[in-house]
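Heads up: the protein sequence lines correspond to chains A and B, in order.
Counting with UniProt numbering, you get residues 1 to 398 for the letters of the first sequence.
Counting with UniProt numbering, you get residues 1 to 125 for the letters of the second sequence.
Hints may be right or wrong, so weigh each one.
Calculated cross-link-like contacts (lysine to any residue; reagent style SDA-like; alpha-carbon spacing at most 25 Å) [what the hints assert, rightly or not]:
hint, chain 1, residue 1, chain 2, residue 2
1, A, 168, A, 144
2, B, 66, A, 68
3, A, 126, A, 182
4, B, 98, A, 182
5, B, 45, A, 131
6, B, 45, A, 236
7, A, 268, A, 213
8, A, 116, B, 45
9, B, 45, A, 304
10, B, 98, A, 131
11, A, 118, A, 281
12, A, 118, B, 74
13, A, 85, B, 51
14, B, 45, A, 144
15, A, 85, B, 118
16, A, 168, A, 236
17, A, 238, A, 131
18, A, 227, B, 72
19, B, 98, A, 116
20, B, 98, A, 224
21, A, 355, B, 102
22, A, 118, A, 248
23, A, 138, A, 196
24, A, 268, A, 297
Cβ-Cβ distance ranges computed for the label pairs, FRET-style [stated by the list, open to error]:
hint, chain 1, residue 1, chain 2, residue 2, range
25, A, 289, B, 117, 53 to 63 Å
26, B, 77, A, 344, 12 to 22 Å
27, B, 117, A, 79, 43 to 53 Å
28, B, 71, A, 181, 18 to 28 Å
29, A, 344, B, 53, 28 to 38 Å
30, A, 347, B, 49, 43 to 53 Å
31, A, 289, B, 49, 33 to 43 Å
32, B, 49, A, 131, 30 to 40 Å
33, A, 165, B, 60, 16 to 26 Å
34, B, 60, A, 300, 53 to 63 Å
35, B, 117, A, 114, 50 to 60 Å
36, B, 117, A, 300, 24 to 34 Å
If you're looking for bench data, these hints aren't it; they were derived computationally from the structure.
All residues carry an ideal CB built from backbone N, CA and C; glycine is no exception.
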Amino acid sequence: MAVSTVYTVQIQSLNSISTPSKSHLGFNQLLYSSGKKTRRATHISCSADNDKTVVIGLAADSGCGKSTFMRRLTSVFGGAAEPPKGGNPDSNTLISDMTTVICLDDYHSLDRNGRKEKGVTALDPKANDFDLMYEQVKAVKEGIAVDKPIYNHVTGLIDPPELIKPPKIFVIEGLHPMYDARVRELLDFSIYLDISPEVKFAWKIQRDMAERGHSLESIKASIEARKPDFDAYIDPQKQYADAVIEVLPTQLIPDDEGKVLRVRLIMKEGVKYFNPVYLFDEGSTISWVPCGRKLTCSYPGIKFAYGPETYFGHEVSVLEMDGQFDRLDELIYVESHLSNISTKFYGEVTQQMLKHADFPGSNNGTGLFQTIVGLKIRDLYEQIVASKVAAPLEATKA
Amino acid sequence: MASSLSLTPFNFRPHPRFSPPSSSSLPRSGRKPAAGVRSEMKIYKGTRIREQRLTEMIEQKVAEAKQVCGEDETSDECKVAWDEVEEVSQAKADLRLKIHHLQQDPLEHFCQENPETDECRIYED
């Protein structure tokens with residue numbers, strides 16, 4: 001099947017250049033010469049266009065598509081992610097050259113009124129149409145465009161659908177990307193963003209305290225009321241994730257404002273195309289404080305840890321950063337000591353972090369690990385594409 | 001060790017997740033310039049209305065939740081009410097992020113095509 005795909009494409013490109021004024025180019029020359037038409041031919045045969053799309057799942061309880069994680073990820077691939085032009089202004093979708101990010105709230109089966117009537121929160125699986133989610137994600141993965149509903153977070157209604165064309169990288173973000181087993185099977189890579197209660201509280205205070213109507217009590221009450229459903233339906237997904245980013249309060253100093261963070265990147269071992277990041281010596285246990293003679297850090301400093309652990313019965317490697325960066329050279333120094341970060345050039349992590357220095361988390365492990373996960377996803381994508389190209393070439397040699 | 005690597009001014013000052021628009025002292029990633037780097041922002045009327053609507057909804061839904069939960073804290077109605085508060089709070093924060101930090105007004109494309117509609121009048125603080 002893969003072999004015939006390659007042949008079809010080549011025939012198409014032959015047709016496209018068979019004008020009388022052009023000189024005849026042989027089959028082999030089409031593939032290897034450097035003319036404009038040839039470049040188009042090789043591009044077509046190597047791209048994932050006619051083939052499946054790579055699907056990434058991100059579980060997060062912080063709204064959709066605007067999260068800084070998504071923006072860092074799309075930035076790694078180049079280009080800014082923007083809402084679809086000319087569509088519903090309340091669309092949650094983000095599109096860049098290589099990636100499309102959709103919000104799984106779009107698969108709510110009950111709108112705000114419906115949920116109120118039935119007495120279910122948005123966290124409850126009963127409020128979501130997993131059959132449709134599975135159907136559509138499967139279709140996009142197989143290269144078929146779909147008309148996806150839009151859940152409007154302003155009005156609380158389900159708006160008319162928007163067309164989603166299969167991108168190279170399809171990211172599904174929301175509360176339940178790994179809840180349904182069928183959808184889980186479609187994911188090439190999955191991430192869970194695990195925010196500890198103290199940090200969640202601190203972030204929501206920062207988010208909401210300026211709002212009329214909110215107070216410490218209301219913010220607290222909202223978190224408490226949602227906790228049972230969150231614990232029952234959302235939290236258990238983390239056992240399925242290939243990577244978990246755990247955000248905790250710092251252990252370096254007493255800090256109850258959630259400003260200094262301890263962030264753990266928990267990476268599953270044995271995941272295809274995914275080689276966990278490590279410090280110094282893979283598989284060993286390391287504790288590292290980079291600040292010292294070569295590097296002066298400002299208060300409260302930076303502390304790293306790395307080592308093998310077990311997570312819900314799986315072998316994992318954990319890379320941890322506690323503290324924050326205050327200067328460029330701290331970031332470069334740290335980057336130069338990490339291994340398996342899948343950068344294409346020295347300083348790429350630092351460059352990406354600088355690009356988004358105004359995003360939250362740019363000075364701590366959240367930004368660092370989100371950026372690194374973005375690079376790992378790029379690496380995963382390139383490996384998947386390379387493996388698809390290799391298969392037909394192998395067959396033609398035979 | 002001196003920061004001899006002098007790239008763009010590097011300001012890693014930690015700032016709250018969704019800071020008010022006036023704290024625009026952090027480096028931008030070079031997208032289209034804001035209309036003056038001050039707290040006043042040019043946005044479309046339709047977007048301003050959406051923002052105000054969300055503000056009102058937050059207030060209203062918090063009051064509703066307090067009332068419903070006052071009757072029975074463990075009821076489904078109570079948790080749904082607070083879930084609604086969370087939903088609109090997040091929607092408001094997302095909108096603020098778009099307008100004030102990302103310069104991506106949701107009505108941008110629509111208003112470029114239809115500048116004469118009422119929604120697309122420029123609103124200046």
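Going down the list of hints, with the structure as the test:
1. Between residue 168 of chain A and residue 144 of chain A the CA atoms are separated by roughly 12 Å; this keeps the pair inside 25 Å, and the hint holds.
2. Proximity of residue 66 of chain B to residue 68 of chain A is assessed by CA-CA distance (about 32 Å); at most 25 Å being required, the pair is judged violated.
3. The straight-line distance between the Cα atoms of residue 126 of chain A and residue 182 of chain A is roughly 17 Å, inside the 25 Å bound, and the hint therefore holds.
4. Between residue 98 of chain B and residue 182 of chain A the alpha-carbon distance is near 33 Å, which puts this suggested pair outside the 25 Å criterion.
5. The straight-line distance between the Cα atoms of residue 45 of chain B and residue 131 of chain A is roughly 39 Å, outside the 25 Å bound, and the hint therefore fails.
6. Using a Cα cut-off of 25 Å, the hinted pair residue 45 of chain B and residue 236 of chain A is violated, with the two alpha carbons roughly 43 Å apart.
7. For a cut-off of 25 Å, the pair hint linking residue 268 of chain A to residue 213 of chain A is broken: about 43 Å separates their Cα positions.
8. A threshold of 25 Å between alpha carbons decides the hint, and for residue 116 of chain A with residue 45 of chain B the separation of about 31 Å lies outside it, so the pair is violated.
9. Proposed proximity of residue 45 of chain B and residue 304 of chain A is contradicted: the alpha carbons are some 48 Å apart, above 25 Å.
10. About 32 Å separates the Cα atoms of residue 98 of chain B and residue 131 of chain A, which puts this hinted pair outside 25 Å; it is violated.
11. As the CA atoms of residue 118 of chain A and residue 281 of chain A are separated by approximately 54 Å, the hinted pair breaks the 25 Å bound.
12. The suggested pairing of residue 118 of chain A with residue 74 of chain B holds, with an alpha-carbon distance near 16 Å, which does not exceed 25 Å.
13. In summary, the hint linking residue 85 of chain A to residue 51 of chain B is supported, as the alpha carbons are separated by about 21 Å, within the 25 Å threshold.
14. Between residue 45 of chain B and residue 144 of chain A, the direct Cα distance comes to roughly 38 Å. Violation of the 25 Å bound is thereby established for this hinted pair.
15. Among the hinted pairs, residue 85 of chain A with residue 118 of chain B is consistent with the structure: their alpha-carbon atoms are about 20 Å apart, no more than 25 Å.
16. Distance hint between residue 168 of chain A and residue 236 of chain A is unfulfilled; the C-alpha atoms sit about 29 Å from each other, more than 25 Å.
17. Simply put, residue 238 of chain A and residue 131 of chain A have alpha-carbon atoms about 21 Å apart, close enough for the 25 Å limit, and the pair holds.
18. A threshold of 25 Å between alpha carbons decides the hint, and for residue 227 of chain A with residue 72 of chain B the separation of about 17 Å falls inside it, so the pair holds.
19. Between residue 98 of chain B and residue 116 of chain A the CA atoms are separated by roughly 28 Å; this puts the pair beyond 25 Å, and the hint is violated.
20. About 28 Å separates the Cα atoms of residue 98 of chain B and residue 224 of chain A, which puts this hinted pair outside 25 Å; it is violated.
21. A hinted pair counts as satisfied when its Cα atoms are at most 25 Å apart, and residue 355 of chain A with residue 102 of chain B qualifies at roughly 13 Å.
22. In summary, the hint linking residue 118 of chain A to residue 248 of chain A is not supported, as the alpha carbons are separated by about 35 Å, beyond the 25 Å threshold.
23. Taking the CA atoms of residue 138 of chain A and residue 196 of chain A, the gap is about 32 Å. The hint is violated against a cut of 25 Å.
24. Only pairs whose Cα atoms come within 25 Å are accepted, and residue 268 of chain A paired with residue 297 of chain A is rejected, the gap being roughly 31 Å.
25. At about 59 Å, the beta-carbon gap between residue 289 of chain A and residue 117 of chain B stays in the expected band of 53 to 63 Å.
26. Checking the proposed 12 to 22 Å range against residue 77 of chain B and residue 344 of chain A shows it is violated: the Cβ atoms sit about 53 Å from each other.
27. Between residue 117 of chain B and residue 79 of chain A the Cβ separation comes to about 30 Å, which falls outside the hinted range of 43 to 53 Å.
28. At roughly 39 Å, the beta-carbon separation of residue 71 of chain B and residue 181 of chain A lies outside the given 18 to 28 Å, and the hint is violated.
29. The hint said 28 to 38 Å for the Cβ distance between residue 344 of chain A and residue 53 of chain B, and at roughly 45 Å that hint is violated.
30. The given range of 43 to 53 Å is respected by residue 347 of chain A and residue 49 of chain B, whose C-beta atoms sit roughly 45 Å from each other.
31. With their beta carbons about 52 Å apart, residue 289 of chain A and residue 49 of chain B fall outside the hinted range of 33 to 43 Å.
32. In this structure, residue 49 of chain B and residue 131 of chain A meet the distance hint of 30 to 40 Å, their C-beta atoms being roughly 36 Å apart.
33. At roughly 39 Å, the beta-carbon separation of residue 165 of chain A and residue 60 of chain B lies outside the given 16 to 26 Å, and the hint is violated.
34. At about 41 Å, the beta-carbon gap between residue 60 of chain B and residue 300 of chain A misses the expected band of 53 to 63 Å.
35. For residue 117 of chain B paired with residue 114 of chain A, a C-beta distance near 31 Å fails the hint of 50 to 60 Å.
36. In this structure the hint that residue 117 of chain B and residue 300 of chain A lie 24 to 34 Å apart at CB is violated, the actual value being about 52 Å.
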